[in-house]
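Colleague: Using the hints, position chain H against chain B.
Line by line, the protein sequences give chains B and H.
Numbering of the first sequence is given in the working numbering, commencing with residue 258 and proceeding in unit increments.
Numbering of the second sequence is given in the working numbering, commencing with residue 61 and proceeding in unit increments.
Read the hints as simulated data drawn from the structure, not as lab findings.
Heads up, some of the hints might be wrong.
Stated by the list, open to error - When the alpha-carbon atoms are kept at most 25 Å apart in a straight line, the in silico DMTMM-like pairs for lysine to aspartate or glutamate are as follows:
no., chain 1, residue 1, chain 2, residue 2
1, B, K607, B, E636
2, H, K182, B, E569
3, H, K182, B, E488
4, H, K145, B, E578
5, H, K145, B, E569
6, B, K664, H, E189
7, H, K186, B, E488
8, H, K145, B, E488
9, H, K231, B, E578
Unchecked claim - Not everything, but these chain B residues come out facing chain H in the computed CB check (under 10 Å):
no., residue
10, D484
11, R485
12, I489
13, E569
14, L576
15, I585
16, Q589
17, R592
Predicted model, so just to flag it, every value in this text is computed and none were measured.
Backbone N, C-alpha and C fix where the C-beta goes; we use that ideal spot for every residue, glycine too.
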Amino acid sequence: MLPLTTGYFAGYQPMQVLFGLFAAAALTGAILIKDRNLKGMLWEALAVSLILMLGTYLAHNTIVNLANRKIATGFDFLDREARFEISESLIPYSAASTYGRAMLVGFLNTLKVSILGIILATILGVGIGILSLTRNWLVRQLAGGYVHFLRNIPVLLHIFLWYTAITNLLPPLRQALSPVPGIYLSQRGFFYPVPEPATGWTAALYGLIAGVVLAVAATRVARLRQDRTGEILPTGLVAILLVIGVPLIAWLVGGAPTAFSVPALKGFNFEGGTSISPEFFAVFGALSVYTSAYIAENTRAGILAVSRGQIEAGRTLGLSEGVILRQIILPQALRVILPPTTNQYLNLTKNSSLSVAVGYPDLVSISNTTLNQTGQAVECISIIMLVYLATSLATSALMNWYNRSIKVVER
Amino acid sequence: MSAAEHTPAEAASGPIIRIEHLGKWYGRFQALKDVNLAIARKERIVICGPSGSGKSTLIRCINKLEDYQEGTIVVDGVTLDENVKNIEHIRREVGMVFQQFNLFPHLTILQNLTLAPVWVRKMPRKEAEALAMRYLERVQIAEQAGKFPGQLSGGQQQRVAIARSLCMNPKIMLFDEPTSALDPEMIKEVLEVMAGLAREGMTMLVVTHEMGFAREIADRIVFMDKGEIVEQAPPKEFFANPKSERTKLFLSQILGR
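Okay, chain B solo, but in the shape it has when bound (with noise of 0.2 Å):
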C-alpha cells in the first residue's frame, strides 16, 4: 500500500524514480558515447523515460488526490439517471433518461450539425471556388470578397452573428412571418409542413433509394455498353430522371397522399408539422458558411494546379469542354483539393463544440451540464477527448483511403 500524502503533491512512487534513473543512465550514455547511432537511440530513450515518469506522476497524483477527495472515479454514473432536459434530440430522451443516453443524444446532435454543415460547406465552398475563376469580372470580385469576408471573422463570431439575426430580427412567435403559406419564420425557429404518415410517402422513400441505386447500376451499365460499342449514352441524364421518377412512381402506386402536417398556432407554440430550432439553425449556416471560405479556396488552388498545357492538349485532341473538365481537370484537381478539404471537416466537427455558446445541445454542451451534476470532471473531459478523436480519425481515414485510391504515380 502507497503511503498517501495530502495537499495536491502525492508523493513519489517506484514507478517514477526507475523511470528517473532511466532517464539519469540515458543523459548520461548521450553525452558520454562517441558512436552517432548509439547517441541518437540514448536520446530518444531519455525523452521516452521522461515522458512516463511525468505520465506515472500525474496519473498516481490524480488518482490518490481523487481518493482523499472521496470522489468516486470510474463510469458508473453513465447509468445514473440524468434529470435534465434537453431541448432537441435525435433519439427518445426525456429527463428520466441515463447521463449515457444523455451523452449519446449530444454526441448525434454534433453529428447531426457536422454532417450537414460538411455538405452545404462543400457545395456552397465547390461552388464559389469555381465562380472565381471565371472571365467576368463582377463575378470574380464577388466571389473572392466572399472568401476575404467569411474566413476573416472567428467562428464564433459568426455563430453569435446568426443566432443574433435570427432572434433579434425576426418577430416573436405570434407574429411568425409567413412567406409561404405552411411555412413560418420566427425568432423561436423555423415552422414548416411535413406529410402525414401514409403508405403512398414511405413507399417513396424506399422509392428514392431505389431510385438512387438504379441510377448508379445504370451509370455503370453505360459505361461498359460505351467499352463494347464505343456509344455515349446521355448518364447524367438518364441517372437524374431514375432519382425523380421511381419516388415520383412508388408514391403514385402508394396511392397519392397529399395529406399534410401543417404548423398552426395554438396558444403559445406551433402545432403539427416539425421544426428547426434557432439555435442549430445559428450553428448550422455559421459553420458551413464559414468552413466553404476555405473551401472554396482550396477548390480554386486546386484547379489553377492543372497546368494549361492540360486542357490544351485535350483541346487539340478534338476532345469537348465537358470531357476535358470531367475527364482531365477534375480527376487532378481533386488530388489537390481533397487533402486540405479532409483538414477543413475536421475543423468543422471540431468547430461544433462551439454550439455551447448558443446553447444548441451538442456533446460538449450535454458533457458540460453532466459535469457540473456529477463532478466526474476527468471522465467527461476523456468521453469528449475519445469521441472528438476517434470522429476525427475516423473521418480522416476514410478521406486518406478516397485519396489513395486516385492517386498519380509519380515514377
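Modeller: Then chain H, alone, in the frame of chain B:
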C-alpha cells in the same frame, strides 16, 4: 461556312492550310503582323526564328489555341471562326505536339492514347486499345503501355505524345519545339519518329531550332522575326544564300558561323 458545307473540290486540291493577313495582338503588343502562308498537302514546313518572333503563336492559331484579331485561316476547306462546330472539326483533323509533352499524368500511357478515340470518335474500348497499341509499337514504346507518364523519360514521353496525336488520324501535325525540353541524348529518338512521319507523307509544321532536321526533312523553311514572315525558301537555298540581313544574323548565331 460550317464543317458540313465545305466543298469536296476545294478540300481535295489546293492548299490544305491557307493563312491570309493574319494579325494578333496581346493588349497593345502586336504578336503577328500580316502573316500570309499557304501549305500544300504533304508539305513539310519548318518555322524558325529568334525567341519571341511569333512562330509558336502562329501555329497555335491554326487550331485556335490562340485567338486572333485579323485575317482568315482555312484548314482543309473549313474556315476557322467562332463556330464551335468548325473549331472542333479542325481540331480533330489537326494533331499537335508540345514542348512540355502535356501527357495526362493521372492516366496510363494506354489511357492517354485511347481517351480521344473513345470520347471523340466513339470507338469501342477494345478497338481503341488495339489502335493505341499499333501506334505505341510504331514509336517503339509498346512495352510501357501500362505505366504512367511520370515513370517515363522525356524522350519516351514525347514519343507517347506523338502517338497520342496519331491515334486521332490527323491530316496535319503541328510540332511546337518538340525537342527543346529534352536532354541531348533523347532528341534523336524523337526526331527519328518525326522523320518517319514525314516519309509517310504527313503534312507537318514544325517549330524547331534543330537545323539539321530542317535541312534534311523540310520542303520549305519559313523564317520569322518580330511577328512577320521575313523570308521563306527550300532548305538548300535558305542555308546557302539567305536574302535578308535578319536571316543572316539569325543563321550566324544559331550555326555559329
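Colleague: All hints are to be evaluated individually against the structure, with a verdict given for each.
Modeller: Against the structure, the hints come out as follows:
For a cut-off of 25 Å, the pair hint linking B/K607 to B/E636 stands: about 19 Å separates their Cα positions. A threshold of 25 Å between alpha carbons decides the hint, and for H/K182 with B/E569 the separation of about 21 Å falls inside it, so the pair holds. Among the hinted pairs, H/K182 with B/E488 is consistent with the structure: their alpha-carbon atoms are about 6 Å apart, no more than 25 Å. Restraint check for H/K145 and B/E578: the C-alpha separation of about 12 Å stays at or below 25 Å, so the hint holds.
With a CA separation close to 17 Å, the supplied pair H/K145 and B/E569 stays within the 25 Å bound. With a C-alpha separation of about 23 Å, the suggested pair B/K664 and H/E189 falls inside the 25 Å cut-off, and the hint holds. Of the supplied pair hints, the one linking H/K186 and B/E488 holds, its CA atoms being roughly 13 Å apart against a limit of 25 Å. Taking the CA atoms of H/K145 and B/E488, the gap is near 20 Å; set against the 25 Å cutoff, the hint holds.
For the given pair, H/K231 sits about 22 Å from B/E578 by alpha-carbon distance, which is consistent with the 25 Å threshold. Against a cut-off of 10 Å between C-beta atoms, the interface hint on B/D484 holds, since the closest Cβ of chain H lies about 4 Å away. Among the interface hints, the one on B/R485 holds; its C-beta lies about 6 Å from the nearest C-beta in chain H, closer than the 10 Å criterion. With a cut of 10 Å, the hint placing B/I489 at the interface with chain H holds, because the nearest CB-to-CB distance is about 6 Å.
Because the beta carbon of B/E569 sits about 5 Å from the nearest beta carbon in chain H, less than 10 Å, this interface hint is met. For B/L576, the interface hint holds, the least distance from its beta-carbon to any beta-carbon of chain H being 6 Å, beneath 10 Å. At its closest, the beta carbon of B/I585 sits 6 Å from a beta carbon of chain H; the interface hint therefore holds under the 10 Å criterion. Because the closest C-beta pair between B/Q589 and chain H is about 5 Å apart, less than 10 Å, the hint holds.
Hint status for B/R592 relative to chain H: holds, with the closest Cβ pair at about 8 Å, below 10 Å.
In the structure shown, no violation is registered for any of the earlier numbered hints.
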